[in-house]
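Visitor: These protein sequences, in sequence, are chains C and Y. Residues 1 to 386 in the numbering used here are what the first sequence spells out, letter by letter. Residues 387 to 785 in the numbering used here are what the second sequence spells out, letter by letter.
Since the hints were made in silico from the structure, they are not lab data. Just so you know, not all the hints are guaranteed correct.
Unchecked claim - Stretch-level coverage of chain C by chain Y, calculated; a stretch enters the list once three of its residues show a Cβ under 8 angstroms from a Cβ in chain Y:
(1) 332–340
(2) 360–366
To be verified - In silico DSS-like cross-links for lysine-lysine, where the CA-CA straight-line distance does not exceed 27 angstroms:
(3) Y:Lys625 - Y:Lys649
(4) Y:Lys489 - Y:Lys438
(5) C:Lys267 - Y:Lys564
(6) Y:Lys649 - Y:Lys407
(7) Y:Lys625 - Y:Lys527
(8) C:Lys264 - Y:Lys775
(9) Y:Lys438 - Y:Lys419
(10) Y:Lys780 - Y:Lys567
(11) Y:Lys438 - Y:Lys407
(12) Y:Lys567 - C:Lys264
(13) Y:Lys419 - C:Lys267
(14) Y:Lys642 - C:Lys267
(15) Y:Lys780 - C:Lys267
(16) C:Lys267 - Y:Lys775
(17) Y:Lys419 - C:Lys264
(18) C:Lys264 - Y:Lys780
(19) Y:Lys489 - C:Lys267
(20) Y:Lys407 - Y:Lys564
(21) Y:Lys564 - Y:Lys625
(22) Y:Lys419 - Y:Lys407
(23) Y:Lys419 - Y:Lys642
(24) C:Lys192 - C:Lys267
(25) Y:Lys567 - Y:Lys625
(26) C:Lys113 - C:Lys13
(27) C:Lys192 - C:Lys264
(28) Y:Lys625 - Y:Lys780
Said to hold, decoys possible - A few chain C residues that don't get close to chain Y, going by computed Cβ distances all over 10 angstroms:
(29) Ile69
(30) Val142
(31) Val156
(32) Ile202
(33) Ala258
(34) Thr265
(35) Gln324
Quick reminder that beta carbons are idealized off the backbone N, C-alpha and C, glycines included.
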Amino acid sequence: MDFALSEEQRLLKETVDRLVRDRYGFEVRQAAADSDIGFSRAMWATFAELGLLAVPFPEAVGGLGGGGIDLMVVAEAFGRALAVEPYLATVVLGGALVEHAGSDAQKDDILGKVVAGETLLAFAHGEPDGRYDLAHVATTAVKTPTGWTLAGRKSVVINGDTADTLIVSARVSGAIDAPDGIGLFLVPSDAKGLTVRGNPTIDGGRSAEIVLDGVTIGEDATLGEPDAAYPAIEAAVARGIVALSAEAVGAMEVVCDATLDYLKTRKQFGRTIGSFQALQHRMVDMRTALEQARSMAILAAAKLGADRVERERTMSAAKVTIGQSARLIAEEAIQLHGGIAMTWEFAPAHYAKRLVMIDHLLGDTDHHTDRFIALTDGQAAPAGTF
Amino acid sequence: MDLNYTPEEQAFREEVRQFLKDELPSDISAKVKGGQRLTRDDHIRWQSALTKRGWLGVNWPTEHGGTGWAPVQRHIFEEECAAAGAPRIVAFGVNMVAPVIMKFGSPEQKAHYLPRILDLTDWWCQGYSEPGAGSDLASLKTRATRDGDHYVVNGQKTWTTLGQHANWIFCLVRTDPKAAKPQEGISFLLIDMPTPGITVRPIILLDGEHEVNEVFFDDVRVPVGNRIGEENLGWTYAKYLLTHERTNIAGVGLSKEALRHLKSIARDQRKGGRPLIEDPIFRSRIAQVEIDLMALEMTNLRVLADVQAGGAPGAESSILKIKGTEIRQAITALTRKALGPYALPFQSEALDGGFNGEPIGPDYAAPVTAQYFNMRKLSIFGGSNEIQKNIIAKASLGL
Ligand SMILES: Cc1cc2nc3c(=O)[nH]c(=O)nc-3n(C[C@H](O)[C@H](O)[C@H](O)COP(=O)(O)OP(=O)(O)OC[C@H]3O[C@@H](n4cnc5c(N)ncnc54)[C@H](O)[C@@H]3O)c2cc1C
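Only chain Y is shown next, with the shape it has when bound in the complex:
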């Protein structure tokens, strides 16, 4: 056993660092580190820099213009990006629909959509969930009926993250309501958002932010050629996508960065005239989450090494999701706690880039409590933590 990174991996880390130093726009990393809002253009600028370097397709094979990186390299890349304050790559196109298109799409679909994802022509969003179909996704009702060489789509999707920026949405729709099992009557459609009959309405989250949307479909005509694979086999493709949704699910790099931020706040805050980080109760709270994170990092690396050696992660990815989100949430809760009374003021305007007004309290305070509440989503989406536990109990433990 050798738990060190190989010399090649260390050299790779240096290369990534240098790239981030040269190409990550400093106004964007300042926003990320300061917890400020990112505009559509911020995302595009950062992803363009990656495209230029050939690094946007982190998980893609080289034949489609991806990096062809091994799992450990991807992990290093993600860790360095988080440490540098790079925005997370918006996953819906490059990391979600793209793998499905690569695996199940027609040659024409591959040729059309994949380059447009890499060159940022298209911004994708994910149309899976519906008001009545959350954890029980297979109960979805959005209906697609065949009319010649089109489907006519009617229904509603919800929780569509960043749908307000998107021009394409990939959807699960019901094409056979009479199928023996709900999973058997579902198809996977790619839908052009400007098509008549589509309405996108914002949902404001509890932190006041516009992050998700409702998407309504009213007699929306979608060419049959926009279907992935075969009719009524959409569930198979969706399940394949879900395994990709769970890559980097542990979020170790992000939690490490969040922990560094927590510590710097705890060093600045005072309790009884001393830095808060020297307070025994608070110090032990930080230590506990730091230790949890150390363990998670090792678990994550073990899974990655296994994948690198050709294994397929099963219940392990559920473990990574549960622990990863619990740790991230614990860090955001401690960061909120660290602020003391300054957790209360809600200075929304301070979250806009270029804000140069007077902060309320310390300049790092504004985003902290809102982020704590926002991060409650981590244990709800991407398969809730309860659903992940069900998966482990059934698939791995045979219960």
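This is chain C alone, in the form it adopts within the complex:
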């Protein structure tokens, strides 16, 4: 076994680490988060220049052909910076959907623009009653002579308010929670009948509530077979989980370091609070949780290209570990800092909010525990896996 990064991955890591270290301080992050769009377009352009928007895509469309590990390297650095740019929405989820389901022409066109930083995407999939169920799609797509008409509601669409194109999932056939019969449709943000209501999220990001009221789109606006998008959705979400897991690890690292530092410097009762054994053990538990999370983030990244069941089972296991570790670290970091960690001015408080909210994206610990059980019991584990 070899846990070392390849030469290219090391270079990528240096590039993105340097970027966040030199140009993505906490004030920069806060200013971006506080702006109307919730991120910085200038920073996005920098990402494009540095090739970060090209990481997961095939070379044929101008990508770097990176896999899960490459994505992990980037996302972890973004986690350390608490970056608010729409990387998950545009590059990871949106990009993966186009890559997995789109035609060659669509890939050339859309991914080319994504890589160049010229277009933003968002995955409009979640619905008011869907919770985390990927197959729950009540929004309908009805065939017309020239294309499709979409009707329904989409909820908590991450960065949906700034996307140029929404990738909307809609049901062509089948029951409301059936994996079969779901299509993906490209809807421009200025489409008639489309209402996008943006709002801040508590972790400093943006999301949107979307209503599709008879939105008509052309035949060419479908991404792949209009009733067989589920596998592409699952694969895109797997990529999303790899990115979120790595992001969480980056954020956990910062929070653990800050807490350790505080334990060594904050004095009460004439001594550093880190000299109290009761707190030492808590800090150790945080570090242990971080290492467990890191392990699962690496495993998830490595299994991104595996067969469906193995891949999905690993993703669910990773998301459970990440969810548990992130919450423990967020809550303990606040507790061990005392009152200061309750304040808006204090950076670790914002990391803590992001860490807790990551469990509310792409399925929480309970959802993925259920899924892990179903995927594990549904089949005998192949040899060599665990």
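Starting from the known structure of chain C, arrange chain Y with the ligand on it as the hints suggest.
Guide: Below, chain Y with the ligand alone, put in the same frame as chain C:
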């Protein structure tokens, strides 16, 4: 043994219920139940209703205009108030400084301050903590030097809850920096907030709310007559106050109400097309915290019965604080979890009373995640849970 409330206690509960039905303004209880912001005026209106009925001094003896209620009655009152959506009584005046004034204040101080607390002329805040003195409160540095019949106060207090509404602050200040032990050089001062030299600056909490403040003292002249008791004995009075800070520390009524709210959300949310409350994992999470709360309620009643019989709670109040806050935090975490993806949107304007815009997601969603983060404070303030454990280990277990 008889674990039932007596007929008198049950009748008392009915009386409280009727009062709440008649006198708790419905716009205020709607805000409390909806997790919306309360204005200063909301607090005043509710507390005035209590004053009118003679019920603001819940923990006060009748001689000072209090209820004279027994501990179990207070518990019933608090439980009913929480269930009805009454705001918590702002404790700093009526439940914190007042008991100190009653016990250690001069006759003049009693005559002056106590009626003003009951009739809501004064809003008090608590000036104990400092940037360098949190858990280790006795290391506080705010200095008071004698100048004739005044003290001149210099220094900084922090985390002053609702100080922006207050016109009086009770402070621990250092009057003898050379005392053998840090606890021995501290005095307890009552300070009029409009005095020149006092600056109050907001601290915004991680949920975006203005709940606490920093208070700066720059050559603030305070009459010596505003000192409680004797110079340099402030620590004794402060410790007495801390035992009062811990009354109703278990917060059983509030947790019960929060649990009811959690269940109603879990009934409304869907998972796999079924109500979330029917999901086995989620259901067992709720059950676990509900069982914990049952146990805490019994522990709390046992302590109350003991106090009623003349006992003084010792380490028990630390146990109540730890478990009470852990349970409350667990409920807020589950409520956040229950929302699923709708935990993310942050619709701050929906927390203002009278908001009539379109909610993002279900109308109960807006305050939930912010409250989860806000409630992290419970295990930090009022003596952190770690400090409470130290107290139990030392005082009760002799470790
Ligand atoms: C929202 C809020 C409202 C508040 N309102 C008020 C108010 O109105 N008036 C007021 O005076 N104060 C108020 N406080 C202050 C509060 O009492 C302090 O925050 C508290 O005493 C802890 O102090 P600290 O924040 O300095 O943390 P620290 O004392 O620095 O503690 C940091 C960490 O170390 C731990 N620790 C410290 N000593 C030990 C030990 N010996 N053994 C093990 N662990 C230890 C603590 O438990 C904590 O986890 C408020 C605080 C908050 C957050």
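Visitor: List, from low to high, the hint numbers that the structure doesn't satisfy.
Guide: Of the numbered hints, 3, 13, 14, 17, 19, 20, 24, 27, 31, 32 do not hold.
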